[in-house]
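Trainee: The residues making up each chain are set out below.
Protein chains: 2
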Amino acid sequence: MFKINEDYLKLQGSYLFSMIGKKVAAYQKENPDKSIIRLGIGDVTQPLAPVIIEALHRAVDEMGSADTFHGYAPDLGYEFLRNAIADNDYKARGCDISADEVFVSDGAKCDSGNIQEIFAKDNKIAVCDPVYPVYIDTNVMAGRTGTFNKETETWSDVIYMPCTGENDFKPELPKKQPDLIYLCFPNNPTGGTITKDELQEWVDYANKVGAVIIYDAAYEAYITESNVPHTIYECDGARTCAIELRSFSKNAGFTGLRLGAAIVPKDLKSGDVSLHSLWARRHGTKYNGAPYIVQKAGEAVYSEAGKAQLKEQVAYYMNNATTIYNGLKDAGFEVSGGINAPYIWLKTPGNLSSWEFFDLLLSKAGVVGTPGSGFGPSGEGYFRLTAFGTHENTVKAIAKIRENI
Amino acid sequence: MFKINEDYLKLQGSYLFSMIGKKVAAYQKENPDKSIIRLGIGDVTQPLAPVIIEALHRAVDEMGSADTFHGYAPDLGYEFLRNAIADNDYKARGCDISADEVFVSDGAKCDSGNIQEIFAKDNKIAVCDPVYPVYIDTNVMAGRTGTFNKETETWSDVIYMPCTGENDFKPELPKKQPDLIYLCFPNNPTGGTITKDELQEWVDYANKVGAVIIYDAAYEAYITESNVPHTIYECDGARTCAIELRSFSKNAGFTGLRLGAAIVPKDLKSGDVSLHSLWARRHGTKYNGAPYIVQKAGEAVYSEAGKAQLKEQVAYYMNNATTIYNGLKDAGFEVSGGINAPYIWLKTPGNLSSWEFFDLLLSKAGVVGTPGSGFGPSGEGYFRLTAFGTHENTVKAIAKIRENI
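Listed in order, the protein sequences are those of chains P and U.
So the numbering used here is basically just the index in the first sequence, starting at one, shifted up by 83.
So the numbering used here is basically just the index in the second sequence, starting at one, shifted up by 83.
Same shape as in the complex, but just chain P (with noise of 0.2 Å):
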């Protein structure tokens, strides 16, 4: 008699961008006649660039031909792309990463919720809370993550790094010693990031103990202040603790095309065995390669076109992140995070809680936004907006919380 993977029994409710997903569905449904402005979920709005656009209409007409066509991608990605991962995001910025130490892949969630395979089911993970929910939960459906107290909303096995305003949204090395250690900065959800030293004294720690740092850069991009690190490679003795996660979704607006990078250095060790070599059998036997297509359009990311096109759609929301920063400190929110990244931390008004605020700013105001504690008990009284919107919903998602609220 078969018997499921009881593991997952102890997941947590339902994934939380579903969850908002049926409580704005329900909101509708009672009320058909309001307008809802959605700065909840990371989705982008902009559509993809002209050079984008010409290239996977290129790659189409490939397909279609039987000179050009392309059946199976290799496993790790096409070397058109690896390269101009390595050159432009690592070796431009003097990091030493080489194309073959690039695996791409459809996303990052994908490689954020996979990657944890490759390590024992024993090793203990330290997450900042709060958190991108992927990172726990995949590791919930391991095994890994103990038993959930469900009045501290935490895992007896994991190890919470408190991100608040008392450190201003800056995780402390952790107290007890961790195996793996997810980080991700410019930060979701939060948009707090730490500075190139600050990453330096992770990397220090890591190599110390003999962790693994899971770095999820998929907010990169969005980095305005040149004290903050680009890659986590930026920083001496990475190559020897640390594997990155890089996303095409935000920086690109490929959320729907779906392309991601991980980064596993060779140096990266646990006695004779590479996570390197872990990672490529992994991909060999249960990846079948990202489309050629999107992994054209990936290509063109980076060429001159590109990056100027995506310059300008990255200035569009960082607009979007200033217009809500500035129209809610102005109206005496309590605000953090957007000027390295899309989102915007505010504190609840009032002592609400996370889900009541949500609730108020659907029902008074018509927004939706994400809720913090549905991001780990840390972000109870916190609340996310994205700048992802269109500018015209984000002036008026803003005008409306102001005059409602």
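Fair warning: there could be bad hints in the mix.
Since the list gives no way to pick one copy over another, a pair counts as held whenever it fits inside one copy or between any two copies.
No farther apart than 30 Å at their CA atoms in a straight line, the calculated lysine-lysine pairs in the DSS-like style are these [said to hold, decoys possible]:
hint	residue 1	residue 2
1	K349	K86
2	K253	K394
3	K483	K204
4	K207	K369
5	K369	K204
6	K93	K447
7	K112	K349
8	K93	K204
Because the hints were derived from the structure by calculation, they are not lab data.
Predicted model, so just to flag it, every value in this text is computed and none were measured.
Dock chain U against the given chain P, drawing on the hints supplied.
Mentor: Only chain U this time, still in chain P's reference frame:
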């Protein structure tokens, strides 16, 4: 100090097709003047059908305009594609599968590798021998297969169901009781299949012993005989014991586009827990949907024009299958498969081992095939050729084999 997943180290050798790739590359390096015909890996060679190219272009244009841009896809797939699959592959055949039991994915390789995750680690798997390596390797990585016996080339905790000339390449019900049964019909690698009545016996057996059948229907489009089932849901009772995996790779040439679907009926339960809910949770947590443009291409497969064009494409490959089958049979080879599948399975002549025959075929005829032993111990002494080459190359390859072997 972090530790790795030790189960990965149990994996035997390199993934079969990587090994073949390396051997061919080495041969080409040593013999740069010799041409090679690849009838090894199951990759297609015909370009995407015009109706699919048109659908891709239209979808790309949609992504370039704010009004029609598509960001994150629904985790489980767009309704339009889930409906098309449910209607055409199931309802049209009288099978009771609804659209919300269809989970769109980026291909059957990923689904067949990931599906084991929702089951307990101590579940026992049964596989045909020979078998598509992904079924076993992904269970090895999950620690489900016990220890490897190098002499018998089998795993201690895997139930093998030999498929050889002696049983007409049809597996017999296992003597030990399995929890998960992987079946693939029409079969990769043997090209054999079973009748609907024979599949009904498997469904009855699974329901009786409480096992789940993971039914890989990737080659369904190649069926030519009327008593061969196109889906396991043609059998009574399959809704309570079977998950079906579908692919767009072979019926529509999507090997480079990446699209598949898993069917998980809501009646398939362990106690109160439906496997449907577990798989939905996995999709929602670890996956972010197939690209919109690829799902639109998938929809075009089911249009009237799509059906007509793909019928021709399948006929093209099946003409190759006939060419290989008849050509080798006339030359005195012992061949099977090729009637309801794009694979021809042949007995190596003169008691050569599968890899010996691989080397002979490569060096004497310049033809690349797949050694049967790469698919399991009962594949030793057999060899797979695929019908996915161009017709010209297929004819040439058979002529070269007949001349030189």
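Trainee: Against this structure, judge whether each hint is valid.
Mentor: Here is what the structure says about each hint:
Taking the closest pair of Cα atoms, K349 and K86 come within 30 Å of each other only across two copies (16 Å); inside a single copy the shortest separation is 38 Å, beyond that limit. In this assembly of identical chains, K253 and K394 lie within 30 Å of each other by CA distance solely inside one copy; the values are 27 Å within and 59 Å between copies. For the homomeric pair K483 and K204, neither the shortest alpha-carbon distance inside one copy (48 Å) nor that between copies (52 Å) is at most 30 Å. When the C-alpha separation of K207 and K369 is checked against a cutoff of 30 Å, the pair qualifies both within a copy, at 25 Å, and between copies, at 20 Å.
Taking the shortest alpha-carbon separations for K369 and K204, both the intra-copy value of 19 Å and the inter-copy value of 18 Å come in at or below 30 Å. Taking the shortest alpha-carbon separations for K93 and K447, neither the intra-copy value of 35 Å nor the inter-copy value of 58 Å comes in at or below 30 Å. Taking identical chains as interchangeable, the C-alpha atoms of K112 and K349 lie at most 30 Å apart only when they sit on different chains, with a minimum of 26 Å there against 53 Å within one chain. Within a single copy, K93 and K204 get their C-alpha atoms as close as 16 Å, and across copies as close as 16 Å, so both meet the 30 Å cut-off.
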